[in-house]
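Student: Chains as they are written, first to last, in this note's numbering: chain Z, 208 to 437; chain X, -2 to 248; chain S, 6 to 283.
Since the hints were derived computationally from the structure, they do not count as laboratory data.
Remember, predicted model here, so these are calculated numbers, not experimental data.
Hints may be right or wrong, so weigh each one.
[As the list claims (entries may be wrong)] List time: in silico SDA-like cross-link candidates among lysine to any residue, alpha-carbon distance up to 25 Å:
{"#": "1", "chain 1": "X", "residue 1": "K182", "chain 2": "Z", "residue 2": "L280"}
{"#": "2", "chain 1": "Z", "residue 1": "K209", "chain 2": "X", "residue 2": "F247"}
{"#": "3", "chain 1": "X", "residue 1": "K123", "chain 2": "S", "residue 2": "E173"}
{"#": "4", "chain 1": "Z", "residue 1": "K296", "chain 2": "X", "residue 2": "E228"}
{"#": "5", "chain 1": "Z", "residue 1": "K209", "chain 2": "X", "residue 2": "G147"}
{"#": "6", "chain 1": "X", "residue 1": "K63", "chain 2": "S", "residue 2": "G107"}
{"#": "7", "chain 1": "Z", "residue 1": "K209", "chain 2": "X", "residue 2": "K63"}
{"#": "8", "chain 1": "Z", "residue 1": "K226", "chain 2": "X", "residue 2": "T232"}
{"#": "9", "chain 1": "Z", "residue 1": "K355", "chain 2": "X", "residue 2": "Q204"}
{"#": "10", "chain 1": "Z", "residue 1": "K209", "chain 2": "X", "residue 2": "A181"}
{"#": "11", "chain 1": "Z", "residue 1": "K339", "chain 2": "Z", "residue 2": "V424"}
{"#": "12", "chain 1": "Z", "residue 1": "K355", "chain 2": "X", "residue 2": "T232"}
{"#": "13", "chain 1": "Z", "residue 1": "K296", "chain 2": "X", "residue 2": "S37"}
{"#": "14", "chain 1": "Z", "residue 1": "K214", "chain 2": "X", "residue 2": "K63"}
{"#": "15", "chain 1": "Z", "residue 1": "K214", "chain 2": "X", "residue 2": "T232"}
{"#": "16", "chain 1": "Z", "residue 1": "K214", "chain 2": "X", "residue 2": "K123"}
{"#": "17", "chain 1": "Z", "residue 1": "K296", "chain 2": "Z", "residue 2": "F374"}
{"#": "18", "chain 1": "X", "residue 1": "K13", "chain 2": "S", "residue 2": "G107"}
{"#": "19", "chain 1": "X", "residue 1": "K13", "chain 2": "S", "residue 2": "V32"}
{"#": "20", "chain 1": "Z", "residue 1": "K209", "chain 2": "X", "residue 2": "K123"}
{"#": "21", "chain 1": "Z", "residue 1": "K355", "chain 2": "X", "residue 2": "N233"}
{"#": "22", "chain 1": "Z", "residue 1": "K214", "chain 2": "X", "residue 2": "E236"}
{"#": "23", "chain 1": "X", "residue 1": "K63", "chain 2": "S", "residue 2": "Y96"}
{"#": "24", "chain 1": "X", "residue 1": "K13", "chain 2": "S", "residue 2": "G211"}
{"#": "25", "chain 1": "Z", "residue 1": "K214", "chain 2": "X", "residue 2": "F247"}
{"#": "26", "chain 1": "Z", "residue 1": "K209", "chain 2": "X", "residue 2": "E164"}
{"#": "27", "chain 1": "Z", "residue 1": "K209", "chain 2": "X", "residue 2": "E228"}
{"#": "28", "chain 1": "X", "residue 1": "K123", "chain 2": "X", "residue 2": "K63"}
{"#": "29", "chain 1": "Z", "residue 1": "K296", "chain 2": "X", "residue 2": "T180"}
{"#": "30", "chain 1": "Z", "residue 1": "K214", "chain 2": "X", "residue 2": "R114"}
{"#": "31", "chain 1": "X", "residue 1": "K182", "chain 2": "Z", "residue 2": "V424"}
{"#": "32", "chain 1": "Z", "residue 1": "K209", "chain 2": "X", "residue 2": "T232"}
{"#": "33", "chain 1": "Z", "residue 1": "K361", "chain 2": "Z", "residue 2": "D423"}
{"#": "34", "chain 1": "Z", "residue 1": "K209", "chain 2": "X", "residue 2": "N233"}
{"#": "35", "chain 1": "X", "residue 1": "K182", "chain 2": "Z", "residue 2": "L278"}
[Unchecked claim] With beta-carbon atoms standing in for the labels, derived distance ranges:
{"#": "36", "chain 1": "Z", "residue 1": "E272", "chain 2": "X", "residue 2": "D176", "range": "25 to 33 Å"}
{"#": "37", "chain 1": "X", "residue 1": "P96", "chain 2": "S", "residue 2": "L105", "range": "27 to 35 Å"}
{"#": "38", "chain 1": "X", "residue 1": "R114", "chain 2": "S", "residue 2": "T112", "range": "37 to 45 Å"}
{"#": "39", "chain 1": "X", "residue 1": "R114", "chain 2": "S", "residue 2": "G107", "range": "36 to 44 Å"}
{"#": "40", "chain 1": "S", "residue 1": "L9", "chain 2": "Z", "residue 2": "D213", "range": "37 to 45 Å"}
Backbone N, C-alpha and C define an ideal beta-carbon position, used for all residues, glycine too.
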Amino acid sequence: MKAHTDKTYDVQLDDLRNKLLSLGGKVETEIATCMRSLAERDSVLAEQVIAQDREVNRMEVEIDEACRRLLVLRQPAASDLRFITTALKIVVDLERIGDLAVNVAERAIDLNQSPPLRPMHDLTKLAELCQKQVRAALDAFVDGDVAKAEAVIKDDDLLDSVYHNLFSELLALMMEDPRNIRRANSLLFVAKHLERLGDHATNVAEMVIYMVRGTDVRHPGSRNSKSVPP
Amino acid sequence: MNETKIEVQKLNAWFKTTHALKDVSLTVPKNTVLAIIGPSGCGKSTFVRCLNRMHELVPGARQSGKVLVDGQDLHARRVDPVDLRRRVGMVFQRPNPFPTMSIFDNVVAGLRLNGIRGNYDEQVEKSLRQAALWDEVKDRLQHSALSLSGGQQQRLCIARSLAIEPEVLLMDEPASALDPIATAKIEELIHDLRATLTIVIVTHNMQQAARVSDATAFFYLGELVEHGPTEEIFTNPREPRTEDYVTGKFG
Amino acid sequence: MKSLGLRRGVNWAMTALCALALLVALVPLASLLWLVISRGLAGLSWDFFTSTPAPVGESGGGVANAIAGTLYIVGIACLIGVPLGVGAGVYLAERGDGPLGGAIRFTAEVLSGVPSIIIGIVAYALVVLPMRRFSALAGGVALAVLMVPTLARSTEELVRLVPRSLREASLALGVSEWRTSLSVVLRTALGGILTAILLAVARAAGETAPLLFTALNNQYWNLRADQPTASLTVQIYNYAVSPYQDWHDKAWSAALVLLLLVGTLSLAARLLARNRFR
Chain Z
208 MKAHTDKTYD
218 VQLDDLRNKL
228 LSLGGKVETE
238 IATCMRSLAE
248 RDSVLAEQVI
258 AQDREVNRME
268 VEIDEACRRL
278 LVLRQPAASD
288 LRFITTALKI
298 VVDLERIGDL
308 AVNVAERAID
318 LNQSPPLRPM
328 HDLTKLAELC
338 QKQVRAALDA
348 FVDGDVAKAE
358 AVIKDDDLLD
368 SVYHNLFSEL
378 LALMMEDPRN
388 IRRANSLLFV
398 AKHLERLGDH
408 ATNVAEMVIY
418 MVRGTDVRHP
428 GSRNSKSVPP
Chain X
-2 MNETKIEVQK
8 LNAWFKTTHA
18 LKDVSLTVPK
28 NTVLAIIGPS
38 GCGKSTFVRC
48 LNRMHELVPG
58 ARQSGKVLVD
68 GQDLHARRVD
78 PVDLRRRVGM
88 VFQRPNPFPT
98 MSIFDNVVAG
108 LRLNGIRGNY
118 DEQVEKSLRQ
128 AALWDEVKDR
138 LQHSALSLSG
148 GQQQRLCIAR
158 SLAIEPEVLL
168 MDEPASALDP
178 IATAKIEELI
188 HDLRATLTIV
198 IVTHNMQQAA
208 RVSDATAFFY
218 LGELVEHGPT
228 EEIFTNPREP
238 RTEDYVTGKF
248 G
Chain S
6 MKSLGLRRGV
16 NWAMTALCAL
26 ALLVALVPLA
36 SLLWLVISRG
46 LAGLSWDFFT
56 STPAPVGESG
66 GGVANAIAGT
76 LYIVGIACLI
86 GVPLGVGAGV
96 YLAERGDGPL
106 GGAIRFTAEV
116 LSGVPSIIIG
126 IVAYALVVLP
136 MRRFSALAGG
146 VALAVLMVPT
156 LARSTEELVR
166 LVPRSLREAS
176 LALGVSEWRT
186 SLSVVLRTAL
196 GGILTAILLA
206 VARAAGETAP
216 LLFTALNNQY
226 WNLRADQPTA
236 SLTVQIYNYA
246 VSPYQDWHDK
256 AWSAALVLLL
266 LVGTLSLAAR
276 LLARNRFR
């Protein structure tokens, strides 16, 4: 990629990109850790997630500030403008992913206090899928890779179907034995959080496509009619 | 979409042996503002100066191609450039009021020197109001034009252009010598003038182009690289050269 | 690196040298003024400004006819020289980049270098001989020829000083080119051109040589263009070369009058120039 005439501009943009990547890395770890806390019935891990999320929140504020500074001082245009506005949006998604990981961690602490329910194969699968989606979305962002971003958007359907299977399975468990309701309900929340988390990964992927191509792929048909070319 | 006001077809311009404009074709719809951007020496000033045939006044300068205003070829030999310039006004980079004339005389200079008689008082007030200068100068119309500040002088020059009631206004970096407040006033003026005029503005300041124009044309080395809605040029240009220019990756 | 003290010393010495040069240059001017004023002041009286010259031996008499004659001849010179000079200057500035402009500029340069006495001879050959008499007109023509080249060059410079942007502003308003030259460009340069005219007039009023064979001289009042006419310079010359002490005194007084006239014109020119830039 061609460098800006003013090299310090490039330095500032790179700095923003690195901050976003490091934030992405942190939320990926959060997802992995909260799922391990659930699988290994280790509440200490869950506490770690909750603690680490404060760092994530701090970074969100920092990235917001970096974006505002670039907007006002550089008045970016074209790809720079799209990169910075994308950064402003995906930082929100990443922070929400962190929050959801915290929610899962809180459920894990709760669940770890009662005996385990039956092993949930689909839950593991859902968690793996989520991690994969988040990582793929971040990779797409780093590489400006539209194909990878499109794959993330497509794979969200897969994630949804796993979630629906899990939902039915947990519902069946609850009807089987009312004593299961409390734990199954908690697991249902965990599943729901993971499903939402996947949606945020999809948002990131959509913004990556906008950033690269300049076209908005969200909510087809809802945008103002494109201005007529001269 | 408005009807076409200016249609440029395969416009070429030369300074002696330098080919300053190469096959430029574009259209400007009525009552819109077209901004011309590009690095120094890209031909953007030459382009607007071709539109009112000021280009041909430079010794050794030539131009070819067609410029149609309302479908009428104003570059045909039989058309007097003097008539063309009454329809296509121009405002320059540096404020250039006539130093020997009063504010009043400056506004009516175009009428008087063209031998047009009439009620100058009315025309002066109207033009100065249009140029958003009336309230500042109404009590000192007989003062020298040089007693005004730079920004006021530039608005006086705009009023002077408006007094002959042109249909098109060409502006060659009209705010580049002005401070931000004077610049903002000129920009606000451009928004208002769009109601009655079609405007082509050359600017070095990309934010200014973004603020005032409906469409933007990017010139580079005498070529029209890209021409499209302003929003698109600044958020998602099609041409890599435009992208490099608007993001500051030139040179 | 030189020491600060040394540099200050050199600076002081050079400043002193420049001041000295200025003083030396002022000596001739001051002595000239002193001489003319001290010798001429005594002879100045109301009579001197209002009477025609008295015959030799008679006391009194003045140079009234010579003052009027100088103004008259210079007036004729202006009528001929100013339109030609200014017109040529405007042409040179606006269209003078071609071969014709070059030729005009070259001619003007040569003409301004021609000694004024030769211009007098030419006017003698071209005006006096065909008319078979000396005349104010011939004097005016000679002075006009003297004024034209300097006026043309200074007008050209002044018109070129008018910013291109003003011309463009006018043309962009749909004003024709000749109207632009006249109403915008010339009008803007007018103050400077008036100054240039005054300086040319002052210079012409001080010329003697071109008038010797053209306007000649006249002891009496004359305001007819086809008659010999007195002028201050020729009058001074005649008085000065005469053998009479009385006339020598009159020459000094007339010289003082001429100095005052030329000085006033120069001063007016300077005031005009200053006003222009205020």
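Student: If a hint holds in the structure, say so; if it doesn't, say that too.
Tutor: Hint-by-hint comparison with the structure:
1. X:K182 to Z:L280: Distance of about 22 Å is within 25 Å: holds.
2. Z:K209 to X:F247: 9 Å, holds
3. X:K123 to S:E173: 24 Å, holds
4. Z:K296 to X:E228: 20 Å, holds
5. Z:K209 to X:G147: Given that 25 Å is the threshold and the Cα spacing comes to 39 Å, the pair is violated.
6. X:K63 to S:G107: 36 Å, violated
7. Z:K209 to X:K63: 37 Å, violated
8. Z:K226 to X:T232: Within the cut-off at roughly 24 Å; holds.
9. Z:K355 to X:Q204: With Cα atoms ~34 Å apart, K355 (chain Z) and Q204 (chain X) exceed 25 Å; violated.
10. Z:K209 to X:A181: 33 Å, violated
11. Z:K339 to Z:V424: 22 Å, holds
12. Z:K355 to X:T232: Distance ~23 Å between K355 (chain Z) and T232 (chain X) Cα, so the pair holds.
13. Z:K296 to X:S37: 36 Å, violated
14. Z:K214 to X:K63: 43 Å, violated
15. Z:K214 to X:T232: Roughly 21 Å separates the two Cα atoms, so the pair holds.
16. Z:K214 to X:K123: 50 Å, violated
17. Z:K296 to Z:F374: Since the Cα atoms of K296 (chain Z) and F374 (chain Z) sit roughly 30 Å apart, the hinted pair is violated (cutoff 25 Å).
18. X:K13 to S:G107: Given pair K13 (chain X), G107 (chain S) holds - Cα atoms ~21 Å apart, limit 25 Å.
19. X:K13 to S:V32: Given that 25 Å is the threshold and the Cα spacing comes to 56 Å, the pair is violated.
20. Z:K209 to X:K123: 51 Å, violated
21. Z:K355 to X:N233: 21 Å, holds
22. Z:K214 to X:E236: 22 Å, holds
23. X:K63 to S:Y96: Given that 25 Å is the threshold and the Cα spacing comes to 33 Å, the pair is violated.
24. X:K13 to S:G211: 49 Å, violated
25. Z:K214 to X:F247: Holds. K214 (chain Z) to F247 (chain X) sits at ~12 Å (cutoff 25 Å).
26. Z:K209 to X:E164: Status violated; Cα separation ~42 Å.
27. Z:K209 to X:E228: It holds: about 23 Å lies between the C-alpha atoms, which stays within 25 Å.
28. X:K123 to X:K63: Distance of about 34 Å is beyond 25 Å: violated.
29. Z:K296 to X:T180: 33 Å, violated
30. Z:K214 to X:R114: With a Cα-Cα distance of about 59 Å, the restraint between K214 (chain Z) and R114 (chain X) is violated, given a limit of 25 Å.
31. X:K182 to Z:V424: 39 Å, violated
32. Z:K209 to X:T232: It holds: about 18 Å lies between the C-alpha atoms, which stays within 25 Å.
33. Z:K361 to Z:D423: 16 Å, holds
34. Z:K209 to X:N233: 17 Å, holds
35. X:K182 to Z:L278: 24 Å, holds
36. Z:E272 to X:D176: 25 to 33 Å: About 30 Å separates the Cβ atoms of E272 (chain Z) and D176 (chain X), which means 25 to 33 Å holds.
37. X:P96 to S:L105: 27 to 35 Å: Given about 30 Å between the Cβ atoms, the range holds.
38. X:R114 to S:T112: 37 to 45 Å: Since R114 (chain X) and T112 (chain S) have Cβ atoms about 43 Å apart, the given range 37 to 45 Å holds.
39. X:R114 to S:G107: 36 to 44 Å: Cβ of R114 (chain X) to Cβ of G107 (chain S): about 42 Å, so the range 36 to 44 Å holds.
40. S:L9 to Z:D213: 37 to 45 Å: 42 Å, holds
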